[in-house]
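Engineer: One-letter residues, chain by chain:
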Amino acid sequence: MDSTSLLETVDLSHSFGDVHALRQVDLSLVPGNVALLGNNGAGKSTLIKILLSLIQPKQGQVRILGHDIVSGRNPVWRRIGYMPETRPLVPLLKGYEYVALSGELYGMAAKSARRRAHEILNYVGLEELRYRKLDEYSTGNVQRLKLAAALVHDPELLILDEPTGGLDPTGRTRMLRLLQDLLRSTGKSLLMCTHLFSDVEDLCQDVVILHQGRVRFYGPVSELRNRVSDRYQLGATGELDAFAEALRQTGGQVERGKTNGTLYFTVPHSWRNARFFELAESSGAVITSLKMAEEDLQASFFRLTDAEDLPAEETSTSQRAHGVFHAG
Amino acid sequence: MGFSMLVDRALYHGWEGRLRPRIWTVVTLTKVSLAQLWRRKSFWFLLALGLLNFVMYFSIIYAVTQLELPSRAQDNLMSRFGFRPDAESGHENGYVSFMTGQGQIVTLLLAFAGSLLVGSDFRLGLIPFYRSRGLRVRHIVWGKLIAMSTIVAALTLFPAILLFVEYGLFSASHDYWWENWRILVSIVLYGTILSGTLAVGISAISAYLQKMAPIAITWISLFVVPRIGATQMSRATDNRMWLLLDPWRDIRYAGRWAFQTYSSERQEMQAGWAILILSVLTLLGLWAFRRKVRSAQ
Chain Y
1 MDSTSLLETV DLSHSFGDVH ALRQVDLSLV PGNVALLGNN GAGKSTLIKI LLSLIQPKQG
61 QVRILGHDIV SGRNPVWRRI GYMPETRPLV PLLKGYEYVA LSGELYGMAA KSARRRAHEI
121 LNYVGLEELR YRKLDEYSTG NVQRLKLAAA LVHDPELLIL DEPTGGLDPT GRTRMLRLLQ
181 DLLRSTGKSL LMCTHLFSDV EDLCQDVVIL HQGRVRFYGP VSELRNRVSD RYQLGATGEL
241 DAFAEALRQT GGQVERGKTN GTLYFTVPHS WRNARFFELA ESSGAVITSL KMAEEDLQAS
301 FFRLTDAEDL PAEETSTSQR AHGVFHAG
Chain A
1 MGFSMLVDRA LYHGWEGRLR PRIWTVVTLT KVSLAQLWRR KSFWFLLALG LLNFVMYFSI
61 IYAVTQLELP SRAQDNLMSR FGFRPDAESG HENGYVSFMT GQGQIVTLLL AFAGSLLVGS
121 DFRLGLIPFY RSRGLRVRHI VWGKLIAMST IVAALTLFPA ILLFVEYGLF SASHDYWWEN
181 WRILVSIVLY GTILSGTLAV GISAISAYLQ KMAPIAITWI SLFVVPRIGA TQMSRATDNR
241 MWLLLDPWRD IRYAGRWAFQ TYSSERQEMQ AGWAILILSV LTLLGLWAFR RKVRSAQ
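So the protein lines, in turn, are chains Y and A. Mapped onto this note's numbering, the consecutive letters of the first sequence carry residue numbers 1 to 328. Mapped onto this note's numbering, the consecutive letters of the second sequence carry residue numbers 1 to 297.
One or more of the hints may lead you astray.
[What the hints assert, rightly or not] Derived DEER-like restraints, expressed as beta-carbon distance ranges:
#1 A:52 - Y:17: 50 to 58 Å
#2 A:181 - Y:133: 42 to 50 Å
#3 A:162 - Y:41: 52 to 60 Å
#4 Y:133 - A:208: 21 to 29 Å
#5 Y:118 - A:217: 23 to 31 Å
#6 A:208 - Y:56: 21 to 29 Å
#7 Y:71 - A:231: 52 to 60 Å
#8 Y:56 - A:217: 34 to 42 Å
Calculated from the structure, these hints are not laboratory results. Keep in mind it's a predicted model, so treat the numbers as computed, not measured. Ideal Cβ positions, reconstructed from N, Cα and C, are used throughout, including at glycine.
Make the full structure from the sequences, and use the hints.
Structural biologist: Here's what the structure looks like:
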């Protein structure tokens, strides 16, 4: 295992009873900004819990910032700042006390933690609210407060769980700008769990897609986006079922569009477009339109995580909203 | 002022400093827990209520040592509160009586503190927050238990030590300190038993029930229901050993053990059993509390 990598897992597996949360996950992430994407139950939270040593994996090895965390002997948590998705706010504390508490729990001396708390609250834009009690903070301010609590000890790696979750557009923009500024000016690494694809595009270079406990994709965000080039939208009449089956026989992936007569086809390796017409003719169908399918990051994600698992209405609604389905 | 200006104005600065060993987090958790409690007005009300008994004992000691009361009135006053009639030192039973009495108001205070200091940790997802900062289960358990014990000690152990000191200051001779040091040791021992058992008990219950109403009902029931059952069984069978089912009586018997104030062999045996029962209950509570903290991910 490479000691200079951000995160390295080998054959990492974990299960809760009969439920396999992670299955033989092999990852090697280089320092930088990485997004962790996946549906609910994909294994993201389990992976984060393992990284934070909240649970011990049933199998496999994990190194984070060069430290083996399964052995638990290395104080790597001090180099990590974690911002949870939930609101773990200590009742009756004020803003600066909460951040200072986080610093002390990371190991800072009380005085040092208090001083640093004021400094970091100033940075995240909460200097005027720092003496307020936590129950007076809005959702947006709580998100920034949690970020301050993760940053207080100046960690090398930030693990952020849904940093823009629950924020209105203005709050989300503020948080993203803050993170962009932070990552650009400090060179810290980021591992971010999110459901918002635009956050990924704004903040991350690399993306890991988990699905049912397995890694479906790991690579640059740009590569994920470029995958759309192998996907076509077809309009056809006649024997549509036979045509779809003929396309499927070639090894490609066929999806039915919501509109009758529309097919989406992900072509197999070394495909010639003339094959569309040959197959249509042989199966009794007539192609009325053929074009490259427009697809954004979210649609690529759905495709990689078997969007057909979703209920039909949900799939069609969400994909249509993001430009996958077009009336043909 | 735009937000981008805010970010530009306040640039991020790194932090370089030494981080302390993890054991310090126990102190941090204790400190924050107590700070949380001190910010509740109801805590100060219960604390004041609990200290009324202390003020009464304090006044009695003052009265019998400093005021020239008729000797019969003095004897009556002293024996009524468990002190030795000669008024030269605090009789051990006086301290047992005082600390056990204080313990009853402490149970009320703990029912309130349990939901705030332990229940909310589970309810609001604070255990994973602590653990994500590198704390082990034992750090959280000890941090919370020390905070709870401090609350109990604030109303039992510390006031009892003050009463002991008061006696010493009002006594005619410095020999008081040398002759009665065993009483101080017993006060500390009994205070530790009282603080430890009550802290573990309320922490375990609060970890599972989490909200104030169920915690208070269960906690107070633990001291009321077994007492009724123990009394009934003892009467029905004419066997006083049944009284050991009452945890509050066990705590009182443990006080006798700490101060070695037995008036009969039966009392000595009951004290031994009481210590055993309290030890088992405390260990069970500790196990349950630890298990709950461990399972909170």
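Engineer: Now look at each hint and say whether the structure bears it out.
Structural biologist: Hints, one by one, checked against the model:
Here the CB-CB span from residue 52 of chain A to residue 17 of chain Y is close to 54 Å, well matched to the stated 50 to 58 Å. For residue 181 of chain A and residue 133 of chain Y, the Cβ-Cβ distance of about 47 Å falls inside the hinted range of 42 to 50 Å, so the restraint holds. In this structure the hint that residue 162 of chain A and residue 41 of chain Y lie 52 to 60 Å apart at CB holds, the actual value being about 58 Å. At about 28 Å, the CB distance of residue 133 of chain Y to residue 208 of chain A agrees with the hint of 21 to 29 Å.
Checked against the hint of 23 to 31 Å, the C-beta distance between residue 118 of chain Y and residue 217 of chain A comes to roughly 43 Å, which is inconsistent with it. At roughly 24 Å, the beta carbons of residue 208 of chain A and residue 56 of chain Y sit within the given window of 21 to 29 Å. With their beta carbons about 56 Å apart, residue 71 of chain Y and residue 231 of chain A fall inside the hinted range of 52 to 60 Å. Distance hint check: the CB atoms of residue 56 of chain Y and residue 217 of chain A are about 37 Å apart, consistent with the given range 34 to 42 Å.
The structure shown violates just one earlier hint, number 5.
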